[in-house]
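Chemist: Chain by chain, the residues run as shown.
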Amino acid sequence: MTRVAIIGNGVAGATAALHIARHPNYSVTLISDETPYFFARTALMYVYMGHIRASDLKPYPDTLWDKYHIQRIHDRVTDIDFQHKHLHLAEGNTIPYDILILATGSIPHRIDWPGIHLDRVGYLYHLQDLHRLEHWTPHIRHAVIVGGGLIGIELAEMLRSRHKQVTFLVRESHFWNIVLSDSEAQLIDQHIREHGVDLRLNTELEEIVDDGSGKVGAVRTSSGDLIPCQYVGITIGVKPNVQWLRDSHLHIDTGIVVDEFLRTNIEDVYAIGDCAQLQHTAPYRRPIEPVWYTAREMGQCVAATITGNPTPYRQGLWYNSAKFFDIEYQTYGYVPPHPDPETDDFLWQDPPHYRSLRIHYRRDNHAILGINALGLRLRQEQCHQWIQQATPLPEVISQLPLAAFDPEGNTSYLRDIQQYFQAQFYTTNSP
Amino acid sequence: MAPTHTSYRYKIVRHIADGIIFLLLAMLALRWMDIRVLPDTLSSWGIPLAFVLAMALRAWAQYAHRPPGIHNNGVWFRPLTSRKWPALTLSLLLTSFYVVLYFYPQYLGLGSDGAPNRGLIAMFDPLSKALSGNPASQWFVYGVFYTTAILGFGIKFLMKYRHNRYQRWRTLSVMFFQLGFAFLLPELLMALNKPYYNFATFWPLHYYYFDQWHVDQLLRAGLLGKWMFFWGLAMIFILSPYLTYRFGKRWFCSWVCGCGGLAETAGDPFRHLSSKSLRAWQIERYLIHSILVVAVAMTIGVIESYLRTGQYWLTPRSFVVLSLLVVTLPSAWLLFTQREQLARDARILLAAVALLFSIVLVNHLFSPNGEIFFVDAGTVRKWYGFFIGSIFSGVIGVGFYPIMGSRVWCRFGCPLAAILGIQQKFFSRFRITVNGGQCISCGNCSVYCEMGIDVRDYAQRGKNIVRASCVGCGICAAVCPRGVLRLENGPSYKNKA
Ligand SMILES: Cc1cc2nc3c(=O)[nH]c(=O)nc-3n(C[C@H](O)[C@H](O)[C@H](O)COP(=O)(O)OP(=O)(O)OC[C@H]3O[C@@H](n4cnc5c(N)ncnc54)[C@H](O)[C@@H]3O)c2cc1C
Ligand code: SF4
Numbered sequence: 428m429t430r431v432a433i434i435g436n437g438v439a440g441a442t443a444a445l446h447i448a449r450h451p452n453y454s455v456t457l458i459s460d461e462t463p464y465f466f467a468r469t470a471l472m473y474v475y476m477g478h479i480r481a482s483d484l485k486p487y488p489d490t491l492w493d494k495y496h497i498q499r500i501h502d503r504v505t506d507i508d509f510q511h512k513h514l515h516l517a518e519g520n521t522i523p524y525d526i527l528i529l530a531t532g533s534i535p536h537r538i539d540w541p542g543i544h545l546d547r548v549g550y551l552y553h554l555q556d557l558h559r560l561e562h563w564t565p566h567i568r569h570a571v572i573v574g575g576g577l578i579g580i581e582l583a584e585m586l587r588s589r590h591k592q593v594t595f596l597v598r599e600s601h602f603w604n605i606v607l608s609d610s611e612a613q614l615i616d617q618h619i620r621e622h623g624v625d626l627r628l629n630t631e632l633e634e635i636v637d638d639g640s641g642k643v644g645a646v647r648t649s650s651g652d653l654i655p656c657q658y659v660g661i662t663i664g665v666k667p668n669v670q671w672l673r674d675s676h677l678h679i680d681t682g683i684v685v686d687e688f689l690r691t692n693i694e695d696v697y698a699i700g701d702c703a704q705l706q707h708t709a710p711y712r713r714p715i716e717p718v719w720y721t722a723r724e725m726g727q728c729v730a731a732t733i734t735g736n737p738t739p740y741r742q743g744l745w746y747n748s749a750k751f752f753d754i755e756y757q758t759y760g761y762v763p764p765h766p767d768p769e770t771d772d773f774l775w776q777d778p779p780h781y782r783s784l785r786i787h788y789r790r791d792n793h794a795i796l797g798i799n800a801l802g803l804r805l806r807q808e809q810c811h812q813w814i815q816q817a818t819p820l821p822e823v824i825s826q827l828p829l830a831a832f833d834p835e836g837n838t839s840y841l842r843d844i845q846q847y848f849q850a851q852f853y854t855t856n857s858p
Numbered sequence: 045m046a047p048t049h050t051s052y053r054y055k056i057v058r059h060i061a062d063g064i065i066f067l068l069l070a071m072l073a074l075r076w077m078d079i080r081v082l083p084d085t086l087s088s089w090g091i092p093l094a095f096v097l098a099m100a101l102r103a104w105a106q107y108a109h110r111p112p113g114i115h116n117n118g119v120w121f122r123p124l125t126s127r128k129w130p131a132l133t134l135s136l137l138l139t140s141f142y143v144v145l146y147f148y149p150q151y152l153g154l155g156s157d158g159a160p161n162r163g164l165i166a167m168f169d170p171l172s173k174a175l176s177g178n179p180a181s182q183w184f185v186y187g188v189f190y191t192t193a194i195l196g197f198g199i200k201f202l203m204k205y206r207h208n209r210y211q212r213w214r215t216l217s218v219m220f221f222q223l224g225f226a227f228l229l230p231e232l233l234m235a236l237n238k239p240y241y242n243f244a245t246f247w248p249l250h251y252y253y254f255d256q257w258h259v260d261q262l263l264r265a266g267l268l269g270k271w272m273f274f275w276g277l278a279m280i281f282i283l284s285p286y287l288t289y290r291f292g293k294r295w296f297c298s299w300v301c302g303c304g305g306l307a308e309t310a311g312d313p314f315r316h317l318s319s320k321s322l323r324a325w326q327i328e329r330y331l332i333h334s335i336l337v338v339a340v341a342m343t344i345g346v347i348e349s350y351l352r353t354g355q356y357w358l359t360p361r362s363f364v365v366l367s368l369l370v371v372t373l374p375s376a377w378l379l380f381t382q383r384e385q386l387a388r389d390a391r392i393l394l395a396a397v398a399l400l401f402s403i404v405l406v407n408h409l410f411s412p413n414g415e416i417f418f419v420d421a422g423t424v425r426k427w428y429g430f431f432i433g434s435i436f437s438g439v440i441g442v443g444f445y446p447i448m449g450s451r452v453w454c455r456f457g458c459p460l461a462a463i464l465g466i467q468q469k470f471f472s473r474f475r476i477t478v479n480g481g482q483c484i485s486c487g488n489c490s491v492y493c494e495m496g497i498d499v500r501d502y503a504q505r506g507k508n509i510v511r512a513s514c515v516g517c518g519i520c521a522a523v524c525p526r527g528v529l530r531l532e533n534g535p536s537y538k539n540k541a
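These protein sequences, in sequence, are chains A and B. Take any residue in the first sequence, note its place counting from 1, add 427, and you have its number in this note's numbering. Take any residue in the second sequence, note its place counting from 1, add 44, and you have its number in this note's numbering.
It should be emphasised that the hints constitute simulated quantities derived from the structure, not laboratory data. Hints are supplied without guarantee of correctness; some may be wrong.
[Unchecked claim] For lysine-lysine, the following DSS-like pairs were computed, each having C-alpha atoms within a straight-line distance of at most 27 Å:
(1) A:Lys485 - B:Lys320
(2) A:Lys485 - B:Lys238
(3) B:Lys128 - A:Lys494
(4) A:Lys666 - A:Lys494
(5) A:Lys750 - B:Lys128
[Unchecked claim] Far from chain A, some chain B residues (derived; all Cβ distances over 10 Å):
(6) Leu72
(7) Ile114
(8) Thr359
(9) Leu386
(10) Gly429
(11) Val523
[As the list claims (entries may be wrong)] Some chain A residues well away from chain B (every beta-carbon gap over 12 Å; in silico):
(12) Tyr475
(13) Gly519
(14) Gly576
(15) Asn747
Quick reminder that beta carbons are idealized off the backbone N, C-alpha and C, glycines included.
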């Protein structure tokens with residue numbers, strides 16, 4: 428029996444555990460301090476909004492873990508003895524292992540603003556953050572959210588669903604326009620405001636003001652405004668949860684550095700998910716990608732590698748999705764916010780219906796590099812095929828219905844796109 | 045901030061609409077106690093119409109000021125939709141209504157032995173007379189309530205999902221079939237002295253279709269009646285298999301059927317209450333397929349028993365042989381061609397059915413005068429009507445909406461859903477396609493599946509959903525925040541997963 432210990436039961440650790448435990452000669456121990464079971468962090472918002480119950484967060488039935496004889500320990504690993512291969516837990520136990528997988532995820536990024544330690548300054552990452560927010564909710568009339576990213580807008584939607592007044596401080600000139608183009612981001616700005624959020628662009632947090640009892644009373648912004656509030660949500664991104672490992676021999680940069688087999692510099696120790704930093708990246712991809720499916724894929728790869736089928740983790744074509752209040756967002760391939768000198772964007776928008784399609788392509792041969800969709804759904808397989816085969820833009824547009832993934836009856840916008848393309852593209856690109 | 049102010053005004057309108065609905069219900073309650081507020085000639089059509097309009101007003105006030113999108117905020121917080129006491133009270137009221145309707149219609153005011161109607165039923169006499177020329181019966185009153193509910197709550201559903209054309213079309217479709225085909229047309233046929241016929245349903249959901257009185261009524265009603273009779277047969281053996289092959293069982297279950305229609309409209313606020321446990325799925329499979337077997341056997345028995353009178357061109361023996369072929373051949377085909385796909389319980393059930401029907405055949409061939417199922421088919425038919433037709437589909441099917449979700453009957457009981465489900469699973473182009481690796485395991489799709497399918501379990505593994513029970517309502521695809529799911533009629537019935 429090879430003893431595999433996994434620290435962290437997020438999607439990375441849980442997926443690895445399930446895949447390894449299917450093989451007979453391995454015994455798996457899954458240790459995590461947050462919850463005794465694996466849950467979908469991505470759905471925390473829907474619990475707060477009353478769409479689902481906390482019990483619905485579990486992607487697998489509880490019986491599955493016993494079926495595969497996965498030992499689950501609800502405790503925190505405080506120290507790792509890499510030399511003698513065992514783990515020390517907060518409650519005093521030690522766990523020996525033959526193979527160790529680090530899947531410790533991320534923690535919220537924070538900045539030492541004055542007042543950051545006041546009561547009712549919150550984050551949104553762990554289940555405990557949600558419990559705290561729930562606990563504070565009756566006392567919140569006005570909330571301020573700092574940081575215009577994916578988690579910030581989720582937090583805004585959550586608080587609006589509970590009828591809280593929300594001020595949303597965004598440092599950039601439009602929501603998330605470090606990723607979206609200005610034209611896309613403006614659409615989202617408008618939609619955020621339509622949902623009753625007081626969106627303040629080009630605005631940063633200066634300090635959080637005490638209400639006199641150690642709780643949040645107001646925030647002061649970079650434009651000098653004082654906004655009274657009873658809660659401040661800090662959502663300025665995440666960073667790998669590796670601080671507690673920094674004193675060891677483990678090679679850590681921002682995250683735990685791993686090779687293509689997800690091995691760390693220490694033998695028999697692997698790192699996967701949000702906490703891992705890839706030594707080598709594919710074109711247009713980053714060494715740390717804190718998203719759900721990459722963590723899941725790494726879990727699958729590491730399981731195959733450990734169980735005797737060495738499988739490199741290869742970043743394929745990038746894709747991802749999100750939802751900004753009611754507007755769905757999907758992205759495939761490489762779509763920077765602004766075109767480079769060699770590339771250009773084809774952009775179609777239908778602002779009244781919050782729809783937008785942006786296809787990034789090379790100027791020389793018109794081969795498409797990536798697609799951004801807002802308010803419409805595209806078929807991943809088809810988009811990947813076009814991008815991988817460097818299909819020229821005109822061909823993509825004429826075949827667009829192949830990629831339609833909206834519910835039946837909801838794809839009439841495709842004709843508009845095709846007509847718009849006929850009118851636009853050939854006039855601007857004719858010699 | 046702006047929205048707080050506007051939503052305040054909408055709130056007032058919503059309270060007004062609630063007030064109107066309450067007044068209408070109070071008028072019905074008073075009329076039930078024989079206290080007339082308005083003349084029956086006005087209220088028999090005025091109250092249903094006013095209800096639909098008030099529902100429209102309410103839906104407008106509830107949704108018009110919110111941007112189009114998914115409106116599930118607070119579903120698990122509100123007592124009515126999270127099995128708290130208001131839900132239990134509503135469930136009790138609904139079940140009591142069904143018990144009175146089915147078993148004690150006199151308490152609704154039905155006049156017996158030629159006595160005129162009183163109370164609630166008398167209130168609908170003018171409408172009934174205007175449509176069919178007859179005084180109202182409890183079934184007429186039920187039909188009016190049912191249709192009104194589908195129309196009123198249908199408008200609410202249209203407003204709630206106004207951004208989604210698939211949802212709008214199918215809701216308009218169930219509203220149309222309920223009003224036109226299930227309610228108005230049969231009444232008008234009666235006015236024209238033709239047999240009552242509901243084109244929006246067929247055997248085995250329409251379980252008395254092959255009862256002697258019904259067959260006689262159709263066959264004796266001239267060309268139209270004969271045509272109706274054969275339409276019913278064509279529906280069972282030709283049209284529905286084809287449509288299910290092409291589109292999945294959704295063409296019926298969530299576009300046409302009245303039971304489905306009520307579940308999708310009035311039942312929509314309770315859809316998330318269906319159990320997603322493995323246990324529930326096991327119970328579902330045994331229960332619904334057993335009921336199908338009973339319904340088929342019972343129908344064969346009933347037909348055989350009246351064929352024995354010799355009044356019909358079909359002899360009992362040729363009928364029994366024919367129907368056993370119709371049952372066993374497809375089952376055997378399923379058993380042999382789809383072996384790997386069938387779960388153990390399905391194989392057991394199929395084998396049991398094959399065995400049962402072989403015994404019947406032998407028994408029939410060697411003792412042609414005995415009862416074909418060893419019990420009197422008429423008795424079975426009576427108990428089926430009581431337990432399945434009344435208790436299951438009505439009292440439990442609708443009465444338990446607020447506790448077990450909106451599709452209890454469709455999921456655990458309906459024999460027609462069972463047949464269409466088998467066709468859908470093995471011989472249909474329909475599937476729910478999963479979009480690559482975009483699923484984030486959030487669980488919304490599973491929670492809002494009224495049939496209790498754990499959609500997420502498939503989606504997070506990137507596997508298409510091919511399930512017998514899926515009625516194709518499309519809500520999983522609507523609520524999915526990542527656009528992962530799409531209802532599709534693929535190019536072929538093979539390789540769907
Ligand atoms: C609110 C929110 C919404 C999101 N939405 C999306 C989305 O829509 N799409 C998307 O792609 N991604 C989304 N993400 C990101 C996604 O959830 C993460 O990328 C993913 O969960 C990472 O999984 P993981 O297994 O690497 O780590 P985690 O899920 O963070 O799991 C790590 C676990 O290890 C535990 N742990 C850490 N150290 C120790 C220790 N020493 N001892 C014991 N246990 C320890 C942690 O407590 C944690 O439970 C979202 C994240 C958040 C917070
Ligand atoms: S709703 Fe969508 S993202 Fe959520 S679990 Fe279902 S398929 Fe996955």
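Chemist: Compare the structure with each hint and give your call.
Modeler: Cross-check of the supplied hints:
1. A:Lys485 - B:Lys320: holds, 12 Å
2. A:Lys485 - B:Lys238: violated, 57 Å
3. B:Lys128 - A:Lys494: With a Cα-Cα distance of about 34 Å, the restraint between lysine 128 (chain B) and lysine 494 (chain A) is violated, given a limit of 27 Å.
4. A:Lys666 - A:Lys494: Answer violated: lysine 666 (chain A) to lysine 494 (chain A) is near 34 Å, above 27 Å.
5. A:Lys750 - B:Lys128: violated, 31 Å
6. Leu72: holds, 32 Å
7. Ile114: Given that some Cβ of chain A is not farther than 10 Å from that of isoleucine 114 (chain B), nearest at about 7 Å, it is violated.
8. Thr359: Holds, because the least Cβ-Cβ distance between threonine 359 (chain B) and chain A comes to about 48 Å, which exceeds 10 Å.
9. Leu386: holds, 22 Å
10. Gly429: Glycine 429 (chain B) is indeed farther than 10 Å from all Cβ atoms of chain A, at 38 Å.
11. Val523: Its Cβ does come within 10 Å of chain A, the nearest being 8 Å, so this is violated.
12. Tyr475: Per Cβ check, tyrosine 475 (chain A) is inside 12 Å of chain B; nearest 10 Å; violated.
13. Gly519: Its Cβ never comes within 12 Å of chain B, the nearest being 34 Å, so this holds.
14. Gly576: holds, 16 Å
15. Asn747: Since the minimum Cβ distance to chain B is about 8 Å, asparagine 747 (chain A) lies within 12 Å and the statement is violated.
Violated hints for the displayed structure, listed by number in ascending order: 2, 3, 4, 5, 7, 11, 12 and 15.
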